[in-house]
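Since chain Y is already given, all that's left is putting chain U on it; use the hints.
Given next are the chains, with one letter for each unit.
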Amino acid sequence: MNDETKKKVEDKILGLVKEYVGKKRFKPIDIVKEMEKEFASEGLTKDDIKAALKDLMDEEKLVYGYAGGSFLTIPENK
Amino acid sequence: MGKKHQTPLLDELKKGKWISFVREMERAAEKSERTEDLLGQVEESYRDKVNHWKHGGMAGVRGYGAGMVGRFSEFPDKYPGIKECHSMRIIPSAGFFYNTDFLRKLADISEKHAGGLLNFHGATGNIQILGMSQAEAEDVFQAVAELGFDLGGSGSDLRTPSCCAGQARCEFANYDTMKICRHLTEEYLDELHRPAFNYKFKFKFSGCANDCVASAARSDLAFIGTWKDKIKINQEEVKNYKKKFDVQKYVLDKCPTKCMWFEGENLVIDDENCVKCMHCINELPKALKAGDERGCSILIGAKAPLVTGPRMGMMLVPFYDVNEDAKNDYEWIKSLISNMWEFWDEYGVSRERIGELIGRVGLNTFLEGIGLEPIPEMVEHPRSNPFIKFTEDED
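Heads up: the protein sequence lines correspond to chains Y and U, in order. No gaps in the numbering here: position 33 of the first sequence is 33 in our numbering, and each next residue is one more. With positions in the second sequence counted from 1, the corresponding number in our numbering is that position plus 1000.
Read the hints as simulated data drawn from the structure, not as lab findings. A couple of the hints might just be wrong.
[Claimed, not checked] Label-pair distances were calculated between CB atoms; the ranges are:
{"hint": "1", "chain 1": "U", "residue 1": "Asn1119", "chain 2": "Y", "residue 2": "Glu36", "range": "36 to 44 Å"}
{"hint": "2", "chain 1": "Y", "residue 1": "Asp58", "chain 2": "U", "residue 2": "Ala1135", "range": "55 to 63 Å"}
{"hint": "3", "chain 1": "U", "residue 1": "Tyr1098", "chain 2": "Y", "residue 2": "Lys24", "range": "37 to 45 Å"}
{"hint": "4", "chain 1": "U", "residue 1": "Glu1368", "chain 2": "Y", "residue 2": "Pro75", "range": "36 to 44 Å"}
{"hint": "5", "chain 1": "U", "residue 1": "Leu1013", "chain 2": "Y", "residue 2": "Glu36", "range": "49 to 57 Å"}
{"hint": "6", "chain 1": "Y", "residue 1": "Lys24", "chain 2": "U", "residue 2": "Glu1368", "range": "26 to 34 Å"}
{"hint": "7", "chain 1": "Y", "residue 1": "Pro75", "chain 2": "U", "residue 2": "Lys1054", "range": "16 to 24 Å"}
{"hint": "8", "chain 1": "U", "residue 1": "Ala1135", "chain 2": "Y", "residue 2": "Ile74", "range": "18 to 26 Å"}
{"hint": "9", "chain 1": "U", "residue 1": "Asn1323", "chain 2": "Y", "residue 2": "Pro75", "range": "43 to 51 Å"}
[What the hints assert, rightly or not] Once the Cα atoms are required to be at most 25 Å apart in a straight line, the calculated PhoX-like pairs of lysine-lysine come out as:
{"hint": "10", "chain 1": "Y", "residue 1": "Lys46", "chain 2": "U", "residue 2": "Lys1334"}
{"hint": "11", "chain 1": "Y", "residue 1": "Lys50", "chain 2": "Y", "residue 2": "Lys8"}
{"hint": "12", "chain 1": "Y", "residue 1": "Lys37", "chain 2": "Y", "residue 2": "Lys7"}
{"hint": "13", "chain 1": "Y", "residue 1": "Lys24", "chain 2": "U", "residue 2": "Lys1054"}
{"hint": "14", "chain 1": "U", "residue 1": "Lys1083", "chain 2": "U", "residue 2": "Lys1031"}
{"hint": "15", "chain 1": "Y", "residue 1": "Lys23", "chain 2": "U", "residue 2": "Lys1054"}
{"hint": "16", "chain 1": "Y", "residue 1": "Lys12", "chain 2": "Y", "residue 2": "Lys46"}
{"hint": "17", "chain 1": "Y", "residue 1": "Lys7", "chain 2": "Y", "residue 2": "Lys61"}
{"hint": "18", "chain 1": "Y", "residue 1": "Lys54", "chain 2": "U", "residue 2": "Lys1334"}
{"hint": "19", "chain 1": "Y", "residue 1": "Lys33", "chain 2": "U", "residue 2": "Lys1334"}
{"hint": "20", "chain 1": "Y", "residue 1": "Lys54", "chain 2": "Y", "residue 2": "Lys18"}
{"hint": "21", "chain 1": "U", "residue 1": "Lys1249", "chain 2": "U", "residue 2": "Lys1239"}
{"hint": "22", "chain 1": "U", "residue 1": "Lys1232", "chain 2": "U", "residue 2": "Lys1286"}
{"hint": "23", "chain 1": "U", "residue 1": "Lys1276", "chain 2": "U", "residue 2": "Lys1228"}
{"hint": "24", "chain 1": "Y", "residue 1": "Lys18", "chain 2": "Y", "residue 2": "Lys8"}
{"hint": "25", "chain 1": "Y", "residue 1": "Lys54", "chain 2": "Y", "residue 2": "Lys23"}
{"hint": "26", "chain 1": "U", "residue 1": "Lys1334", "chain 2": "Y", "residue 2": "Lys50"}
{"hint": "27", "chain 1": "U", "residue 1": "Lys1276", "chain 2": "U", "residue 2": "Lys1239"}
A quick note: this is a predicted structure, and the numbers were derived from the prediction, not measured. Ideal Cβ positions, reconstructed from N, Cα and C, are used throughout, including at glycine.
Pulled out of the complex, with its shape left as it was, chain U reads as follows:
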């Protein structure tokens, strides 16, 4: 197929040695006229400095209220291939593991019914098949379902939960992120497929504070692995690291709370002042390990910039014994989530995320509503801005 549209601006984005989304789209366009039209419209978007999609509308599969994201071209006559250019979201496996057979079959589905383009993964963590029409949606869905996968979330619903590779691949994981992610995904499939909330709601699960799925910034309820007891120190390995690089400069001096120092040859850590940021463990992985009393912290209220600007998550539960709760099918956390959604249903307004609701009604009111006792560790930032104000006559 010859090149249908001239794309001088997009061609600039192919220069250099790095992977280019334009090159990938051009490869797909060799087999797909709709992706060729997609390139033409994207070129216009770069030229006009505005995108040319009409967003929303009706796109979906029977019985589901979510999982398809509707996109319509502003120029259907000029780019007929993308008059409709919808995306289908698919729930990924926990930790993003796939076998190659699934990937080949998914690629075949995309080439047959869509633009030959896949997105691994969207910001929420979904696999996305890009560029299909409503008429093809049902066939795509059936083909995906035959592979054992289901539609993800979209619209005002529970968005597809996602997690890091956790204990399957990472020595830093403090809890089984994949187990809780899969459990809560299956538990809340109805909330995922039927948008019944005021706006979107996201769970993300990170095994440690390195936060590989960006839960602290991108999820309404973030589960970040941590520990309660002391960091375990192997002093011999510390000495080995000292021979290789300047541990004082690159580790101790960069500790956010300056809770570590050397006494003679030995490294000492004031664990009470450690904020479990993971920096020292990342730098000295053979010498330092998290303690044995592991679980996770739960942060609430993060969101990306849409509607009212970005927010980071604030500390809600400093230590949740997730490993213990797992033995009871996560009953404690499910009860807390249920209370939160109930409160949000009752007092939230249209397109208000739960973090914005807390900002509007106050953390005290929210905590009372969901049945959690306020504690001093419920802070927006470590060591600053406590939300709980005590009057003089209170202890």
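In isolation and in its complexed conformation, chain Y is listed as follows:
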């Protein structure tokens, strides 16, 4: 996955999580499945999408919450 595609995937993930804050709790695997569909034509693998998710966590653009199970959300300060 080149840097341009990675950026596109990360933006898409962030947009999806932001859109559904307070409405739906996405597990990481939900995001992976959504992105697999979204980027099917570009041949992205699960590992590519997981790597993009990992970067978003490392940059603290996304954090984990817990309510019975773990989910992804936007940090409170953002």
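Same frame as chain Y, but now just chain U:
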């Protein structure tokens, strides 16, 4: 510090000569106002017969998605010390060995930043520092990291693997539980610290069927030491035991498959019918020993009661040559685990443990998905309930 809250119900739990968690909490409360507040709330919980924690929410350290368990008091105004009362989970050393210097330093960290309470160990096997606020979490984590320890699992991730003391302390261990536990912990640190599963997943490693870490009941993937060949018998020692107690009554009659008997003075074992339960070896340790062809059985799907009720693990791999696989950095088992997680990712639903998924889709489908051939030994209970159904035209 004087006693802030009256705790008549908790005081009942200090009576008697045994160790009391209330007494331990009171000792900690002498130095910690938050633990004093904790006692007050626990007293209310006993009175109301319901706990007063709000569970979950956001608690954690930077870069980790796991390792902190968030707890918030339902009565923050009444018990301000435990408005936030989070726990931090720390990966234990394999086999739970620590030096005293580490324990002293850990106690200091807990007194300085938390409620002066430690939990050795949680049900999954973690060391836990109890009673800290989110504001203190980063400092606690840094202090723990300086001691060379890392955060454990929590949430929908790989939970901290744990093992018995194995070959370090126990003559019954059939494989090196600590080596595989440490290897897989390091291999899967990412899965441990970043919750990416449908729900939790646990490994536990027991060196024999005595199962000191309760793997058969408490882990999604249980590795229980066993052997393939015959139990070794020292007939002279058997005779010595016969002089000391009723071997027939306490050993032979309690054998679950009745696979042992006396022929004259000699003990005879029908090894083909032995289920390796360890009872006879426990009772006659000088006379009986496991065979030389040692490894472990792998059970899948156990879990505690949460969500859909408890399950015991079912037999997945009757004999895994773990000692041989160790020479290849456990490549075979890692490949099997990878296939399982892939299948669970694909077909599992939210908060569904892998055992529940197998129950829902059927063992045949699961085996096909992970690339294991079905064999007759894959049973839920010994000698009963085979999952694999053969039609009449199949061999």
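Going through the hints against the structure:
no.: 1; hint: Asn1119/U x Glu36/Y: 36 to 44 Å; result: holds (40 Å)
no.: 2; hint: Asp58/Y x Ala1135/U: 55 to 63 Å; result: violated (22 Å)
no.: 3; hint: Tyr1098/U x Lys24/Y: 37 to 45 Å; result: holds (43 Å)
no.: 4; hint: Glu1368/U x Pro75/Y: 36 to 44 Å; result: holds (42 Å)
no.: 5; hint: Leu1013/U x Glu36/Y: 49 to 57 Å; result: holds (53 Å)
no.: 6; hint: Lys24/Y x Glu1368/U: 26 to 34 Å; result: holds (32 Å)
no.: 7; hint: Pro75/Y x Lys1054/U: 16 to 24 Å; result: holds (20 Å)
no.: 8; hint: Ala1135/U x Ile74/Y: 18 to 26 Å; result: holds (21 Å)
no.: 9; hint: Asn1323/U x Pro75/Y: 43 to 51 Å; result: holds (47 Å)
no.: 10; hint: Lys46/Y x Lys1334/U; result: holds (18 Å)
no.: 11; hint: Lys50/Y x Lys8/Y; result: holds (14 Å)
no.: 12; hint: Lys37/Y x Lys7/Y; result: holds (17 Å)
no.: 13; hint: Lys24/Y x Lys1054/U; result: holds (20 Å)
no.: 14; hint: Lys1083/U x Lys1031/U; result: holds (18 Å)
no.: 15; hint: Lys23/Y x Lys1054/U; result: holds (21 Å)
no.: 16; hint: Lys12/Y x Lys46/Y; result: holds (15 Å)
no.: 17; hint: Lys7/Y x Lys61/Y; result: holds (13 Å)
no.: 18; hint: Lys54/Y x Lys1334/U; result: holds (22 Å)
no.: 19; hint: Lys33/Y x Lys1334/U; result: holds (23 Å)
no.: 20; hint: Lys54/Y x Lys18/Y; result: holds (17 Å)
no.: 21; hint: Lys1249/U x Lys1239/U; result: holds (15 Å)
no.: 22; hint: Lys1232/U x Lys1286/U; result: holds (10 Å)
no.: 23; hint: Lys1276/U x Lys1228/U; result: holds (9 Å)
no.: 24; hint: Lys18/Y x Lys8/Y; result: holds (15 Å)
no.: 25; hint: Lys54/Y x Lys23/Y; result: holds (23 Å)
no.: 26; hint: Lys1334/U x Lys50/Y; result: holds (19 Å)
no.: 27; hint: Lys1276/U x Lys1239/U; result: holds (22 Å)
Violation of the numbered hints given earlier is confined to hint 2; every other hint is satisfied by the structure.
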